[in-house]
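**Q** One-letter residues, chain by chain:
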Amino acid sequence: MENKEPEPANLPDGKTFLLFSDDMDKAFATFVIANGAAAMDSPVTIFFAFWGLNVIRKQTSSKGKDLLSKMFGFMMPTGPDQLKLSRMNMLGMGSWMMKLVMRRKNVQALPELIASAREQGVRFIACSMSMDVMGIRKDELMDGVEIGGVVTFLSAAEQSNVSLFI
Amino acid sequence: MENKEPEPANLPDGKTFLLFSDDMDKAFATFVIANGAAAMDSPVTIFFAFWGLNVIRKQTSSKGKDLLSKMFGFMMPTGPDQLKLSRMNMLGMGSWMMKLVMRRKNVQALPELIASAREQGVRFIACSMSMDVMGIRKDELMDGVEIGGVVTFLSAAEQSNVSLFI
Amino acid sequence: MENKEPEPANLPDGKTFLLFSDDMDKAFATFVIANGAAAMDSPVTIFFAFWGLNVIRKQTSSKGKDLLSKMFGFMMPTGPDQLKLSRMNMLGMGSWMMKLVMRRKNVQALPELIASAREQGVRFIACSMSMDVMGIRKDELMDGVEIGGVVTFLSAAEQSNVSLFI
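Residue numbers (the working numbering), protein chains in the order written: chain A, 3 to 168; chain B, 3 to 168; chain C, 3 to 168.
Take the hints with a grain of salt, since some may be wrong.
Each pair may be met inside one copy or between any two copies, as identical chains are not told apart.
[To be verified] In silico DSSO-like pairs for lysine-lysine, Cα to Cα no more than 30 Å straight-line:
1. K140 / K72
2. K65 / K86
3. K107 / K60
4. K140 / K60
5. K60 / K101
6. K60 / K86
Hint data in this document are derived by calculation from the structure and do not stem from the laboratory.
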């Protein structure tokens, strides 16, 4: 009776990441793990919330925004190239050093990792409530990003055997 | 034989959050997800550890505390209204802006989200070891909060299909 | 037909922690939960990435390192005794206070918790890519630490019912 059936097929095998931070190092870690999981054929979802939205912003367009949204938009980084390290950033020197080291060691930089995730079919979902609160519009985000809320996140996470808040 | 049974009923479907931070934005995210999960009928547990305890403190009462506990108690925020943003706090201006935006956009503020979680039956567990280390007594926390340790946390997490450290 | 079989034996029961941070409080939380889980007979894995590597560094040896690696090595804490609190560190006074309180309350300090995790058979895996980027060599880490990459992490996480990014 030992060999009944392990039926692992019944278990969810997705990987879901809630990227809440716009620290360069945390965004980097998210995409390295996401790409690894996608290469192992897991369905992968990245849900970008709050500061995490900055990772997939393409530019600031303050046209037609109210003052508070303009202020938030102005002060936050736009896109992967402007992110800072979570520590030892030293007015940008740390993130500059990190990028330099990565290039020397032939480690993929964040923009490449993001492109690679897109190619591998990783789902990018921007948190609608965060967009609302921070005054970020869909056209300010990378193309092809879905918009979703907490139900979208939870549904993806429930279909996953690894869910991380980063 | 394909349609044997998927028996998803056997799988745990709880949601467990270890709220370690007292950043306003992270506490906000925790309660938004917790309330969403409770609305989807998942059993939800929030385990408040370390700085996360500040989210459910109601007041500082330093009576009868030793010096170190008094110092910790004095320097930490008490309750949801005193929390700061994890970044761009700018001496409080950032969290003030965030609250203002939320009110304008009719997004529930943190105190409402907490009340709503209570009403929906979300379990609130305060980490006993953190309380001990930080010198926080049960009567300084919101009413109806359970006290528990690592075993309590792990038991809840093992009965969950989504567990996040926030 | 109700009592068919719950077959919980088929479900993974590991616990996997990705320790990304070198904050004293977060490292402490990681080891408290890891030790608790090990005591409950779960297979436990801690994957040390980025700043988390500092938790298991034993010393800085800059011999033969390039300039950037030397700089990183010099500026980062080496080992559990040099870590700082994630907030209220106050130039080291906060972490000093925390250690003092822990000693008074007979809470195990981080070095003891780490030793205890080793004794209980918790797997320590250092992230190879992080080591490469930060210029940390295997001989700078505690003895008995494995080296692994994203596949190693994901395999452990897939065999777990609780995986946390800390």
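**Q** Report the numbers of all earlier hints that the structure fails to satisfy, in ascending order.
**A** Every hint satisfied by this model.
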